[in-house]
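Undergrad: Be aware that the sequence shown starts at 1, since it is given in the UniProt record's numbering, and climbs by one per residue.
Since the hints were derived computationally from the structure, they do not count as laboratory data.
Do not rely on the hints blindly, as some may be mistaken.
As the list claims (entries may be wrong) - Here are the computed lysine to aspartate or glutamate pairs in the EDC-like style, where the Cα-Cα straight-line distance is at most 20 Å:
(1) K177 with E84
(2) K43 with E59
(3) K177 with E154
(4) K177 with E78
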Amino acid sequence: MTLITGAAGGIGSVLARTLAPTHDLILTGRGGQRLDDLCRELKARPLVLDLEHPQSFAEAVQSLSRVTNIIHNAGTVELGAVAEQTHETWTRTLAVNTVAPAELTRVLLPLIRAERGNVVFVNSGAGLTANPGWGSYAASKFALRALADALRAEEAPNGVRVTSVYPSRTATPMQQKVRQQEGGPYDADAYIDAASVAATIAFALHAPRDAVLTDITVRPGPR
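Could you put together the complete structure from these sequences and hints?
TA: Written out as structure tokens, the structure reads:
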């Protein structure tokens, strides 16, 4: 079983469709029609998670008996200068982007170890470089990178592989929101296709067992 967070849209839904032919899927989200429809289409199992409240995860996943792979794809972004952003924004951003992946990994790790599976963190270019106005988001993604690096070293003896994927700007509804916050136009053709990011994640999952793809940076290619 492969669990994908943030599966109802953007990279998550494209990734779910990419993996569906070869993976049994658990698709998580906040619930609603889009998640239900996607699960029905792909014959996947829905799992409602509130990423702002990671303390609820242990109870939410109790019914899961097998998980081989976790793909931490969900995220939130709210742009603003450090001088302007409130602690509520910082707390929500860090909870969704960092604490939620850490806690979900923790509660599912016994199942992942049993399968010698994979943990994939969909990070961001902001997890490598922090630009003005991106402080809270970049901080959450730098922390996500640290989480992945520590987990990789800790779980290697258990046969668990850990990969961080760093896509640059990708043509998704989240990128539309970012461009609105930046006050600029949204041109999907200027960004990476979500299917290309999904294919990269699938490649990491399917790598030969004697290889670990630790960090993958995805940038736009020539057109």
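Undergrad: Looking back at the numbered hints, which does the structure fail to meet, lowest number first?
TA: Per hint list: 2 and 3 violated.
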